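Asker: Each protein sequence line maps, in turn, to chains H and E.
Under the working numbering, the first residue of the first sequence is numbered 1, with each subsequent residue one higher.
Under the working numbering, the first residue of the second sequence is numbered 1, with each subsequent residue one higher.
These aren't lab readings, by the way, just hints derived from the structure by calculation.
Just so you know, these numbers come straight off a predicted model, no measurement behind them.
A couple of the hints might just be wrong.
Said to hold, decoys possible - Ranges of calculated distance between the beta carbons of each label pair, as one might list FRET restraints: (1) E:K5 with H:S131: 44 to 52 Å; (2) E:Q117 with H:E150: 41 to 49 Å; (3) H:D85 with E:E60: 44 to 52 Å; (4) H:D45 with E:K12: 28 to 36 Å; (5) E:D142 with H:R119: 48 to 56 Å; (6) E:K5 with H:T137: 55 to 63 Å; (7) E:V29 with H:S31: 31 to 39 Å.
Stated by the list, open to error - With the Cβ distance kept under 10 Å, some of the chain H side facing chain E (calculated, not the full set): (8) S23; (9) L46; (10) D47; (11) R53; (12) G55; (13) A61; (14) V66; (15) G89; (16) N95; (17) I130; (18) L134; (19) R143.
Said to hold, decoys possible - In silico lysine-lysine, DSSO-like type, Cα no more than 30 Å apart, as pairs: (20) H:K156 with H:K21; (21) E:K155 with E:K126; (22) E:K126 with H:K156; (23) E:K61 with H:K21; (24) E:K61 with H:K156.
By construction, the Cβ of each residue, glycine as well, lies at the ideal position given by its N, Cα and C atoms.
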Amino acid sequence: MTTQEVILHPASVVAELKKNKISHVVWLPDSETNFMYQLLTNEPDLDLVPVCREGETMAIAAGLWVGGKRPIVLIQNTGIFEAGDSIRGLGLDVNQPLVMLVGYRGWSRHGLTTDSAARFIEHILHAWGISYYLIETDDDAGRISLAIEEAERTAKPVAVLVGTEFGS
Amino acid sequence: MEATKAVNFHRKDALVVSTSSALREWSQVSERRDLDVDLSDCMDRAPAVGLGLALAQPDEKILVLDCDSTLRTNLGGLATIGESNPANLVHFVFDDVSAVSTSGVPIRETDRLDLVQMAKSSGYAKTYEFDKLEEFLIGLEDIMRQTGPVFVRVKVFRDGVQLPFPERTMAQGWAEVRSKLAPAEEEVGE
Numbered sequence: 001m002t003t004q005e006v007i008l009h010p011a012s013v014v015a016e017l018k019k020n021k022i023s024h025v026v027w028l029p030d031s032e033t034n035f036m037y038q039l040l041t042n043e044p045d046l047d048l049v050p051v052c053r054e055g056e057t058m059a060i061a062a063g064l065w066v067g068g069k070r071p072i073v074l075i076q077n078t079g080i081f082e083a084g085d086s087i088r089g090l091g092l093d094v095n096q097p098l099v100m101l102v103g104y105r106g107w108s109r110h111g112l113t114t115d116s117a118a119r120f121i122e123h124i125l126h127a128w129g130i131s132y133y134l135i136e137t138d139d140d141a142g143r144i145s146l147a148i149e150e151a152e153r154t155a156k157p158v159a160v161l162v163g164t165e166f167g168s
Numbered sequence: 001m002e003a004t005k006a007v008n009f010h011r012k013d014a015l016v017v018s019t020s021s022a023l024r025e026w027s028q029v030s031e032r033r034d035l036d037v038d039l040s041d042c043m044d045r046a047p048a049v050g051l052g053l054a055l056a057q058p059d060e061k062i063l064v065l066d067c068d069s070t071l072r073t074n075l076g077g078l079a080t081i082g083e084s085n086p087a088n089l090v091h092f093v094f095d096d097v098s099a100v101s102t103s104g105v106p107i108r109e110t111d112r113l114d115l116v117q118m119a120k121s122s123g124y125a126k127t128y129e130f131d132k133l134e135e136f137l138i139g140l141e142d143i144m145r146q147t148g149p150v151f152v153r154v155k156v157f158r159d160g161v162q163l164p165f166p167e168r169t170m171a172q173g174w175a176e177v178r179s180k181l182a183p184a185e186e187e188v189g190e
């Protein structure tokens, strides 16, 4: 029996973003998105907007959206906790159809999930009434399109939890 | 109010993001509310919203009307703007020596912060500092000609009367501005 490598490549994610004509990726640089960063910097159709703190991402995305662009946000689940007020006031309250790609730090299908960032994140999203999709492999990448479609249809933020580190 | 009136006189067709006490004044003097993005909530995020607008509309001038107290709560936003380096952004900070937004309670840390130096070291292309209204009125024409990002600290004294926030909600106002700026987006997905 052969085993198939199960991995999420940044190229699969970027292909989904391009398919949906995403214009900007507003992100907080971190080690988990390194491979994604390398790919995005060479992608002429997507502009990267780096921030100092996650709560800025929703605000910058809001300005881009009001200005007619199609941004997404790329942060880690720890950043969702920091950015709560921005998600509330500049996402939910102004009807911004914002898709947030969220690194699911600490989560695993195997063993115990001890990291509180992983244990709390889905509860937080439920509390805010924010839908979310989980992606772990290239086969799941199409869920990003589902998230974008839902965000635009409902005029609300939607999260995509990235349940694995990006492969090279 | 005189400082915001002066900005209104020079704005032309600029998009304006305003917050806190600056928004309270601006909503009374602006003659182009259809181009105004109000932040009566999440008031520390005006520079970030302005940055997003500046990147989305590089051919338009974007004015951010910020306050010392709101900027203090998100100083990292200066570095974020410096990093993206938007040439079309002017960031005004009204430094209220009467501390009206905190009902007269002084914010001592703000008194010691050199916001202009922080903007400079964060990468703003040009900075200005005005302690007198007359000098600000004279300097505005030059400010509006500069390549940004531009940072402008203006010392203001308010008489303690707290003006109301605009009646329209943020969602209503933002939808109005977006309807002017986003028609090209309709082509997406065709």
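Asker: Hint by hint, say whether it matches the structure.
Answerer: Hints, one by one, checked against the model:
1. E:K5 with H:S131: 44 to 52 Å: Because 45 Å falls inside the window, the suggested range holds.
2. E:Q117 with H:E150: 41 to 49 Å: Holds, at about 45 Å.
3. H:D85 with E:E60: 44 to 52 Å: At roughly 28 Å between Cβ atoms, E60 of chain E and D85 of chain H fall outside 44 to 52 Å, so the hint is violated.
4. H:D45 with E:K12: 28 to 36 Å: holds, 32 Å
5. E:D142 with H:R119: 48 to 56 Å: holds, 55 Å
6. E:K5 with H:T137: 55 to 63 Å: Given about 58 Å between the Cβ atoms, the range holds.
7. E:V29 with H:S31: 31 to 39 Å: About 48 Å separates the Cβ atoms of V29 of chain E and S31 of chain H, which means 31 to 39 Å is violated.
8. S23: holds, 8 Å
9. L46: violated, 13 Å
10. D47: For D47 of chain H, the interface hint holds, since the closest Cβ of chain E sits about 7 Å away, which is under 10 Å.
11. R53: holds, 5 Å
12. G55: holds, 7 Å
13. A61: Hint holds; A61 of chain H Cβ to chain E Cβ min 6 Å, cut 10 Å.
14. V66: This interface hint holds because 5 Å falls under the 10 Å limit.
15. G89: Holds - the Cβ of G89 of chain H comes within 10 Å of chain E, reaching about 4 Å at its closest.
16. N95: holds, 6 Å
17. I130: violated, 17 Å
18. L134: Result: violated, 25 Å to nearest chain E Cβ.
19. R143: violated, 18 Å
20. H:K156 with H:K21: holds, 18 Å
21. E:K155 with E:K126: At roughly 18 Å apart (the allowed maximum being 30 Å), K126 of chain E and K155 of chain E satisfy the hint.
22. E:K126 with H:K156: Between K126 of chain E and K156 of chain H the Cα gap is close to 37 Å, so the pair fails against 30 Å, i.e. violated.
23. E:K61 with H:K21: holds, 25 Å
24. E:K61 with H:K156: holds, 28 Å
The earlier numbered hints that this structure contradicts are 3, 7, 9, 17, 18, 19 and 22.
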